[in-house]
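Trainee: Take a look at the letters that make up each chain.
2 protein chains.
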Amino acid sequence: MSQFWSDIVNTLTPYVPGEQPQNRDYVKLNTNENPFGPSEKVFHAIDNFDRNLLKRYPDPEATKLRQSIADYYQMDLNQVFVGNGSDEVLAHSFFAFFKKNKPIAFPDITYSFYPVYANLYNIEAREFAVKDDFSIDIQSITQDCDGIILPNPNAPTSRYLELDKIKELLTLHSNKVVIVDEAYIDFGGESAVSLVNEFENLLVIQTFSKSRSLAGLRIGFAIGQAHLIEALQRVKNSFNSYPIDQLAIVAGQAAMQDVAYFKSCCEQVIQTRQWTHKQLESLGFECIESKANFILAKPLKHDAEKVYLDLKENGVLVRYFKNSKISDYLRISIDTQDNMKKLIDALTVIL
Amino acid sequence: MSQFWSDIVNTLTPYVPGEQPQNRDYVKLNTNENPFGPSEKVFHAIDNFDRNLLKRYPDPEATKLRQSIADYYQMDLNQVFVGNGSDEVLAHSFFAFFKKNKPIAFPDITYSFYPVYANLYNIEAREFAVKDDFSIDIQSITQDCDGIILPNPNAPTSRYLELDKIKELLTLHSNKVVIVDEAYIDFGGESAVSLVNEFENLLVIQTFSKSRSLAGLRIGFAIGQAHLIEALQRVKNSFNSYPIDQLAIVAGQAAMQDVAYFKSCCEQVIQTRQWTHKQLESLGFECIESKANFILAKPLKHDAEKVYLDLKENGVLVRYFKNSKISDYLRISIDTQDNMKKLIDALTVIL
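Residue numbers (numbering that gives the first Met the number 0), protein chains in the order written: chain A, 0 to 350; chain B, 0 to 350.
Hints listed in this document are in silico derivations from the structure and should not be mistaken for laboratory results. Treat the hints with care, as some may be off.
[What the hints assert, rightly or not] The calculated lysine-lysine pairs, modelled on DSS-like cross-linking and capped at a C-alpha distance of 27 Å, are:
#1 A:Lys27 - B:Lys63
#2 A:Lys98 - B:Lys297
#3 A:Lys63 - B:Lys311
#4 A:Lys99 - B:Lys101
#5 A:Lys99 - B:Lys98
#6 B:Lys324 - B:Lys297
#7 B:Lys99 - A:Lys98
From just these sequences and the hints, can you work out the full model?
Mentor: Below, the structure written as C-alpha cells:
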C-alpha cells in the first residue's frame, strides 16, 4: 500500500484469471477457450480492413457490430450494448444496476469475478447456497436484495437452468434487475434473450470469447430492453467513449454473421464433451452433467489438487480452485478430440 | 431514467467525443488524430500474427507491449501500466488516486472528460482558472485538494508548461498524486517521464491515438513509480483482466519500436502546424502558440460558431465548443499539408 492510494485500493482483492503460461506449450484445458480458431470470414474481415484507417478513432457506438448481434437475435439496435469483453460489460452492469441500498445476490459457487465487482463498487454481496448437487433452487433466493446475477449454465459447476426456471426467477423478482450471464449458453442451453421483450428487468450478457472463438479480441455484449441498455451507455460514455477497436468491430461482425461455422464448432464441442464425460467416468471421476464447454469432475479416489499438479507436470493444464467448496473437483475445458484424448491418456498414466 | 437504474446513473453527464460522421467524406480536423497512417511495421506485425490464436485470451499483463514502452523511455517494466485507450487509464487513475476526502483540482479549461470521471466516481472537482492568455499559473493551484490533473500541452488550449514548471508543481504538492496527461507531448514538448524516478507523486499518462497513429486500436499507458502502477493494476484486475487485445498488443509494440517513423510523422505535423498558424493569422485569426497537433484559433472579425458551421457545409470538420470560455475559438487539428490547404482555401471563400 501507499499513502497515495485511495482507501478503496487497499481493500481490493483482484480476480485471478486462469494461467496463461508463456514458457511451455501445454494442452491448455484451463480457460474454457474455443478449440477451434475463428471463422475464415473473420480473417477475411481483418485482411480487408483498410489499415490506414487505424489512425482514426473507431465508431464510438460500434454500430455495425451491435447491428450484427441485433440481427442474429432479431432484436432492435437499441437493445444491444457492447463492451471490451463481457467482463467490462459485467463491471458496468454492477455499477449501473446494483449500486443501490440493498445487497446484490449471487450463488455461493459461481464466477469468482462477481464478488470482485461488488467490492470494487462498494456493493454488499449476499450469496445464496447452491444445493449439494450444485443445482440452484430459485425459491431459495432472498427477496432482501436489489438485484440478482447468475451464470447460466453456472460456472464453474456447468449446471443449467431451463428457461421456465429463469421465467420463474424474473417473475419472483420483477422489481429488480436480474442478470443472466450466458457466457456458456451456446453449448447446449437455450438463451434467455427470447424473454427480453417480456421482462423489463432482464439483462442477458454474452461473450465472443467462448462459442465465437474470439477471446483474443475482447468482445462482450448485453441484451435487454432499451431502458437498461441506456443505463449501460451512460456509464460507458462516462468511462471510455471507444471501448471496441476497429479490428474487433469488423472481426466481431464477421464472427456473428458466420452462423454455420459457429454452429458446427459448438456441435463438435458438445460431442467431444459427451465422449470426455464417459471416459472420465470410466477412469473413476464423478462428472456433473454439463451444458457448457467444460466439465466439473471429481476424482473419487484421488486428491484433486494432486491430480491437477500431476497433469501440469505431464503438460496438461486444467483449472483447480483451492480453498473453495469445489476443491475436490477439477474444471476441465473441452478442447479438440485429439487434446481430450491426450488428457485421458495422461490421466490413465497418473491414476 | 428508470426505476432499475442505480441513483448515480441519473446524475451522469457523459462525455461527448468529436463527431465521427459516417455519411460524408469530410476533411476531418476535429479529433486530433494523426494524418499519417501507422508504421509499416504495424501492418507487418498484424499480418504476421497467427490469427488462429485469436481464440485464446491475450496475455493479461500485455507484457510485450509494456516492455516496448519501458524500453523507449528506459524505465522498468513495473513502472508501466497499459489500458484500453488513455481514457480507460484516466478513469482507473481517478478511481485509484482521487477517490479521497478532498476535491481534485484541474484547470477550468481542459479535457472535458475530467469532470465526467469525477462525477462517475463521486469525487468533488475543484477547477482553477487559467489566465486570460490560457496559460497556467502553478502558484494559483489550491493546496486544499487530494490530487491534481492537467494535460501538458493543455487541451484544447494547446498551452505548454516547461518541465521546470512541472517540477515546481510536483514539489509544491509532494503529498498528492499529480497526473500529467501528455496526450500531445510528442508534438514539440518535453515529457515529464524523465522526472518519474525523482518524484514519487508523479504519474504521466500518454496515448497511442495521436503521435503513434493508432487511435483505432485503443492503447493508452501510464508511467510512474511502482507503487502508483500497483494501484492501477489492482483496479484494472478488479475490472477487466484482459483490456488489451492480441492484435493491439503486437501492433502497439511495433508502433513503439519504429522510432524513426514516429519522429518523422511528428516533425511533419510540427512543420504543417507552423505553416497553418501563419496562414490563419493572415486570414484574421488570433492563434494560441501551440505545442500540440492542433491550433486553437479565434476568428477576430467573425462568429466562431458560424465559421464552424460554414466550414462543415464546405466539407471541413473542425471542433467548436459551445457554451464554454472558448466559444470564440475553433480547435483545428493539424492534418496533411494538402488538407490544411483545403481548410485555408475554404476559409478564404467563407470569410
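Trainee: Does each hint hold? Answer for all of them.
Mentor: Structure-based check of each hint:
1. Taken as a hint, the Lys27 (chain A) and Lys63 (chain B) pair is honoured in the structure, with Cα atoms around 21 Å apart against an allowance of 27 Å.
2. The straight-line distance between the Cα atoms of Lys98 (chain A) and Lys297 (chain B) is roughly 44 Å, outside the 27 Å bound, and the hint therefore fails.
3. Straight-line distance between C-alpha atoms of Lys63 (chain A) and Lys311 (chain B) comes to about 25 Å, which keeps the hinted pair within the 27 Å bound.
4. Between Lys99 (chain A) and Lys101 (chain B) the alpha-carbon distance is near 24 Å, which keeps this suggested pair within the 27 Å criterion.
5. Between Lys99 (chain A) and Lys98 (chain B) the alpha-carbon distance is near 19 Å, which keeps this suggested pair within the 27 Å criterion.
6. Simply put, Lys324 (chain B) and Lys297 (chain B) have alpha-carbon atoms about 12 Å apart, close enough for the 27 Å limit, and the pair holds.
7. Simply put, Lys99 (chain B) and Lys98 (chain A) have alpha-carbon atoms about 19 Å apart, close enough for the 27 Å limit, and the pair holds.
Consistency note: the structure conflicts with earlier hint 2 alone.
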